[in-house]
Amino acid sequence: MLLQLKNIFKWVNSGGQRIFLLKDINLTVEEGEFISVMGPSGSGKSTLLNVIGMLDNFDEGEYHFLDESVHTLKEKHRANLYKEYIGFVFQSYHLLDDLTVYENLEMPLLYKKYRSSERKAMVADMLDRFNMVGKKDLFPAQLSGGQQQLVGVARALIAGPKLILADEPTGNLNSQQSEEIMQLFKTLNQEDGVTIIQVTHSEMNAAYGSRIINLLDGRKIGD
Amino acid sequence: MIKSLFKIAWRNLIKRKVFSSISILGLAIGFGSAILIYLFLSYHLSFDDFHPNQDRIYRMATEEHMDDINYSASVPPAFAKVFREDYAYAEKVAKIVDREGLVLDVEQNGGINKYSKNIMFAEEDFFKIFNFPLKNGGNAVSLSAPNTAVITESEALEMYGTTDVVGKTFVLENDATIEITGVLKDIPNTSFLNHEIFISFENLEKYSEFAHGENWGGITTNLQCYALLKPNQDIATIENALLELPKQHRPNSKNTHIYKLQPLSDIHLNLEYGGLNPVFLVVFGIIGLFLIAIACINFVNISTAQAFYRSKEIGIRKVLGSFKRQLFWQFLSETFLISLFAMILGIVLAILFLPAFNALFEIQLTMESLVSVQFFGFLLALLLLVSILSGSYPGILLSRIVPILALKGKLNHNDTGGATTRKVLVVTQFVISISLIVATLVISRQIEYATQTDLGFDKESIVMLQVPETMDSAKFYDLKERLKQVVGVQQVSGCLTSPGAGDTFWDTTVKYNNRPEREDFSISVKVGDEDYLNTFSIPLVAGRNFFKNDSITELLVNEKFAEKLGISSSEELLGKTLAVNGDRVEATIVGVVRNFHDSSFTDEIKPVFIAPTVRWYNELGIKINHLNTKSTLEQLKKEWSQTFSNHIFDYRFLDERVAEQYETEQRYLSLSKVFSGLAIFIGCMGLYGLILFFVGQRKKEVGIRKVLGSNITGILTLFSIDFLKLVLIAGAIAVPFAWYFMDVWLQGYTYRTQIHWWYFAISIVAVLVLTLLTISYQTIRVAIKNPVNSLRTE
Ligand SMILES: Nc1ncnc2c1ncn2[C@@H]1O[C@H](COP(=O)(O)OP(=O)(O)OP(=O)(O)O)[C@@H](O)[C@H]1O
Ligand SMILES: [Mg+2]
Numbered sequence: 020m021l022l023q024l025k026n027i028f029k030w031v032n033s034g035g036q037r038i039f040l041l042k043d044i045n046l047t048v049e050e051g052e053f054i055s056v057m058g059p060s061g062s063g064k065s066t067l068l069n070v071i072g073m074l075d076n077f078d079e080g081e082y083h084f085l086d087e088s089v090h091t092l093k094e095k096h097r098a099n100l101y102k103e104y105i106g107f108v109f110q111s112y113h114l115l116d117d118l119t120v121y122e123n124l125e126m127p128l129l130y131k132k133y134r135s136s137e138r139k140a141m142v143a144d145m146l147d148r149f150n151m152v153g154k155k156d157l158f159p160a161q162l163s164g165g166q167q168q169l170v171g172v173a174r175a176l177i178a179g180p181k182l183i184l185a186d187e188p189t190g191n192l193n194s195q196q197s198e199e200i201m202q203l204f205k206t207l208n209q210e211d212g213v214t215i216i217q218v219t220h221s222e223m224n225a226a227y228g229s230r231i232i233n234l235l236d237g238r239k240i241g242d
Numbered sequence: 059m060i061k062s063l064f065k066i067a068w069r070n071l072i073k074r075k076v077f078s079s080i081s082i083l084g085l086a087i088g089f090g091s092a093i094l095i096y097l098f099l100s101y102h103l104s105f106d107d108f109h110p111n112q113d114r115i116y117r118m119a120t121e122e123h124m125d126d127i128n129y130s131a132s133v134p135p136a137f138a139k140v141f142r143e144d145y146a147y148a149e150k151v152a153k154i155v156d157r158e159g160l161v162l163d164v165e166q167n168g169g170i171n172k173y174s175k176n177i178m179f180a181e182e183d184f185f186k187i188f189n190f191p192l193k194n195g196g197n198a199v200s201l202s203a204p205n206t207a208v209i210t211e212s213e214a215l216e217m218y219g220t221t222d223v224v225g226k227t228f229v230l231e232n233d234a235t236i237e238i239t240g241v242l243k244d245i246p247n248t249s250f251l252n253h254e255i256f257i258s259f260e261n262l263e264k265y266s267e268f269a270h271g272e273n274w275g276g277i278t279t280n281l282q283c284y285a286l287l288k289p290n291q292d293i294a295t296i297e298n299a300l301l302e303l304p305k306q307h308r309p310n311s312k313n314t315h316i317y318k319l320q321p322l323s324d325i326h327l328n329l330e331y332g333g334l335n336p337v338f339l340v341v342f343g344i345i346g347l348f349l350i351a352i353a354c355i356n357f358v359n360i361s362t363a364q365a366f367y368r369s370k371e372i373g374i375r376k377v378l379g380s381f382k383r384q385l386f387w388q389f390l391s392e393t394f395l396i397s398l399f400a401m402i403l404g405i406v407l408a409i410l411f412l413p414a415f416n417a418l419f420e421i422q423l424t425m426e427s428l429v430s431v432q433f434f435g436f437l438l439a440l441l442l443l444v445s446i447l448s449g450s451y452p453g454i455l456l457s458r459i460v461p462i463l464a465l466k467g468k469l470n471h472n473d474t475g476g477a478t479t480r481k482v483l484v485v486t487q488f489v490i491s492i493s494l495i496v497a498t499l500v501i502s503r504q505i506e507y508a509t510q511t512d513l514g515f516d517k518e519s520i521v522m523l524q525v526p527e528t529m530d531s532a533k534f535y536d537l538k539e540r541l542k543q544v545v546g547v548q549q550v551s552g553c554l555t556s557p558g559a560g561d562t563f564w565d566t567t568v569k570y571n572n573r574p575e576r577e578d579f580s581i582s583v584k585v586g587d588e589d590y591l592n593t594f595s596i597p598l599v600a601g602r603n604f605f606k607n608d609s610i611t612e613l614l615v616n617e618k619f620a621e622k623l624g625i626s627s628s629e630e631l632l633g634k635t636l637a638v639n640g641d642r643v644e645a646t647i648v649g650v651v652r653n654f655h656d657s658s659f660t661d662e663i664k665p666v667f668i669a670p671t672v673r674w675y676n677e678l679g680i681k682i683n684h685l686n687t688k689s690t691l692e693q694l695k696k697e698w699s700q701t702f703s704n705h706i707f708d709y710r711f712l713d714e715r716v717a718e719q720y721e722t723e724q725r726y727l728s729l730s731k732v733f734s735g736l737a738i739f740i741g742c743m744g745l746y747g748l749i750l751f752f753v754g755q756r757k758k759e760v761g762i763r764k765v766l767g768s769n770i771t772g773i774l775t776l777f778s779i780d781f782l783k784l785v786l787i788a789g790a791i792a793v794p795f796a797w798y799f800m801d802v803w804l805q806g807y808t809y810r811t812q813i814h815w816w817y818f819a820i821s822i823v824a825v826l827v828l829t830l831l832t833i834s835y836q837t838i839r840v841a842i843k844n845p846v847n848s849l850r851t852e
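Protein sequence lines correspond, in order, to chains U and P. Okay, so the first sequence: first residue is 20 according to my numbering, each after it adds one. Okay, so the second sequence: first residue is 59 according to my numbering, each after it adds one.
So that you can see chain U by itself, here it is in the shape it has in the complex (with noise of 0.2 Å):
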């Protein structure tokens, strides 16, 4: 087992209103599992995935994650536990625009005890398996917008991580790009055992992962 959730609860107050944003969530997660999120707009899809990354609190419940217990930890931990384990690739790619390519792959290990000799290694294999040396040298606004998303996910995977969790990773991109990105998925997941958890609106790409999880108004439906 990956992770756990048990009756998660998440709400904000408004105007003395509490306000559900998660409503009992309960998820197993195993490892090398390939899961997609599907729901309506605003039904909690990014805000569960947040939880997951531990980005986000939740207000009751509890989260086994590996051996530890997220709910008991200290914030500082918690950044400790999702740094190492955790890559996150996102809707708009969220590069850095002062960056290139190579410097934004080899930002992840500049946080982590790498040698500079490791770290070249590293995002030189990278620039390889994704096809980009060439581009090492160019700013993200000299890319495509699936390119982008290349080097998103690539810079999720450099530091080796177990989770992979990605919102709307195709949201920006057209049809082929989806398709290029979700064929890279699938390929992780299976050749390196990667778990991936991803929220999507597109019937198509769930059908890659191999289960698939509805939200609707913060409550899980169906399974």
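What the hints contain is simulated information worked out from the structure, not anything from laboratory work. Please note that the accuracy of each hint is not assured.
Claimed, not checked - Over 12 Å on every C-beta distance to chain P, these chain U residues come out as not near it, computed from the model:
no.	residue
1	Asn69
2	Asp144
3	Phe158
As the list claims (entries may be wrong) - Lysine-lysine pairs mimicking DSSO-like chemistry, simulated, CA-CA at most 27 Å apart:
no.	chain 1	residue 1	chain 2	residue 2
4	P	Lys75	U	Lys155
5	P	Lys622	P	Lys688
6	U	Lys131	P	Lys466
What the hints assert, rightly or not - Facing chain U, from chain P, some residues (calculated, C-beta under 10 Å):
no.	residue
7	Ile66
8	Arg375
9	Gln384
10	Gly735
11	Ile838
12	Ile842
As the structure is a prediction and not an experimental result, all values here were calculated from the model. The beta carbon of each residue, even a glycine, is placed where N, CA and C say it ideally should be.
With the hints as your guide, set chain P with the ligands onto chain U.
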């Protein structure tokens, strides 16, 4: 890691060129000023720090207790010998006496060159107390024999064209032939001693009998007495022991002397004993801090305003594994990089402006003073201080950003924080600017007041000539008659000093009428002939002028004298006798003159008497009509040189001499002008950056407002109103602040101008106008653009 941080920092700089230039330029000006101010302060604090025994060297000084206390950096001439021989405190005691404008004849290439020089008559031990070495490094100065001298290397070069002058001679005052026995290394600029020629003390007798003799009767400020104490002496004990000296030697004097030992390190910066006012340095230091503060404020304002733009970057970095601490350091290192650029630029600016700065404050700072361990220490400290001051707050703000909000783009300006802080900082800048403008206005008004107020005498179109040697009556009246005949000359008067001569005064005690005791105040002696009143236009309020005479039988006093005696009617003084100069002279008061300002407005008007004595005339005051000054001066020179054929003709205008008393104030004024100008400039730049940012951020709003029908004025008002409010708040803070400090400053003047409300009005309006101009430029640029463009970019 570091490399990557600097890379990002660099790219950020390049990307936001305008903001970076504003930050860097502002900081550079701040640094440049701080460097100059540092050099200035360390120059003044380093005076005479090169003597090996400096902490054992003292100058003998006197507190003169009469109805008030006078501080004199001198002692009676007899003091040195007694302190040397009757007491066991000192290893060495030496006195020096300076005389200005003595004539030296130097033979060169068969001809004779005449120089007018300031001479220091010195006892040989002077050079054993201090470290003023000879050219060869030793201190074996030989001055004990009469007619010997030592001179500095540059003086030797000037007079003889070589430094190899031992054994050469010059003629002093057309009389004694003096032989040079040694050549000194040049005296450092940072010394109390600024003489180049030292002549044996034995030669002094001819030029000042009083200073040369063993006299206890009075003090001449031309004399200074220094002592090198034995180790581990207690100063209070010595001063206590010296209390008996006045009792022994001046038992009947109303002027009670208390002798003091002034440490060498105290000489340059002790106002009471004629040093520089240390407040001046403090003010300088504070202004330096102000400038740095303003520059840092700019930086903080601009970077916190930009935090919003950078929030996405921060969010991503956090998600990818950066800690708060690392982000904080990232930001700090960016600040450091910017500060480093600014510092390099600041050093360049400082070097460029060093000559102008030297000229302004009449000092000689050199580039060499830039190359020292202390200076680099100072630069490093300054760099770190500024980086930390201006980097840490924005750093904290940025590192606090919550990543998911930043990534969602849901942050607004209040979330990135600092809006209130920015307002506070902008207000602080305005407060500093307004206060500096007020200070400039008040100082210049006080100088104007002092130089344009009626001083009680006429100082325009009066030429002062020297009387280089003592004259008898015949010689004097002959010269005076010839000078009077010169075309353009209206009046001529022989005198000791003109009115308004500042610190050249001669005080004495007096006995009035048949009162049994001498008065407990001293009176200023204005020796002058019967034309003194006419020449300097000093009006009589009672009685008449004295008749032409060679010595004192009749005299004039001023109104202040009557006041000091407690006599309300000037008429009552007429016909009374006055015993002056240790009762040696008794004369009748025949007239009372109106009060006039003899010294700077910091001092109260003193009681004065005016009486003639030909042999004391040191100067000739000549009232001319200014139609043909040049030819009149030439004629004057001709007549003067006929009497004093062996001397060098020199003249001063009285109004210039009077203005000299306000030299310090003039410097304050230049200081506050230059630095308030800089402060305002840096402040405006920061404001420009801030407004550039806000306007840029509200482009869309401007577009929408325009589409909805607002005109440029409306938009301008919208943007200006916030900043104008800040100026007014700053004004409200600056008024009491500046009022208080300028009032304290003015309290130093017995005669002073008022602080008017409109100084504040002018300052605030000036800042308002500058702010408005700064805002308008940016706003109008955005406002005249076609709104469609700014709306479409979203
Ligand atoms: N901090 C918050 N305060 C109040 N409401 C919030 C907050 N964060 C999210 N919400 C609300 O919670 C609901 C779920 O938001 P979430 O972003 O998870 O939806 P989503 O399923 O990802 O939608 P979409 O498909 O549009 O991305 C939305 O109605 C949103 O407005
Ligand atoms: Mg979403």
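Status of each hint after checking the structure:
1. At roughly 6 Å, the least C-beta separation between Asn69/U and chain P is not larger than 12 Å, which violates its mark as non-interface.
2. At the 12 Å boundary, the C-beta of Asp144/U stays outside the reach of chain P, the nearest C-beta of that chain being 18 Å off.
3. Not every CB of chain P lies more than 12 Å from the CB of Phe158/U, the least distance being 10 Å, so the non-interface label is violated.
4. Our distance criterion of 27 Å between C-alpha atoms is met by Lys75/P and Lys155/U, whose separation comes to about 26 Å.
5. Between the alpha carbons of Lys622/P and Lys688/P the distance comes to roughly 44 Å, so the proposed pair goes past 27 Å and is violated.
6. Simply put, Lys131/U and Lys466/P have alpha-carbon atoms about 25 Å apart, close enough for the 27 Å limit, and the pair holds.
7. The interface hint given for Ile66/P is met, as the beta carbon of that residue sits about 6 Å from the closest beta carbon of chain U, less than 10 Å.
8. Interface hint status for Arg375/P: upheld, as the beta-carbon distance to the closest one in chain U is roughly 7 Å, under 10 Å.
9. A cut of 10 Å between beta carbons decides the hint on Gln384/P: the least distance to chain U is about 7 Å, and the hint holds.
10. Annotation: interface hint on Gly735/P violated; nearest CB of chain U at approximately 37 Å, more than 10 Å.
11. The interface hint given for Ile838/P is broken, as the beta carbon of that residue sits about 30 Å from the closest beta carbon of chain U, more than 10 Å.
12. Taken as an interface hint, Ile842/P does not check out: its beta carbon lies about 29 Å from the nearest beta carbon of chain U, beyond 10 Å.
Of the hints listed earlier, those the structure fails to meet are numbers 1, 3, 5, 10, 11, 12, in rising order.
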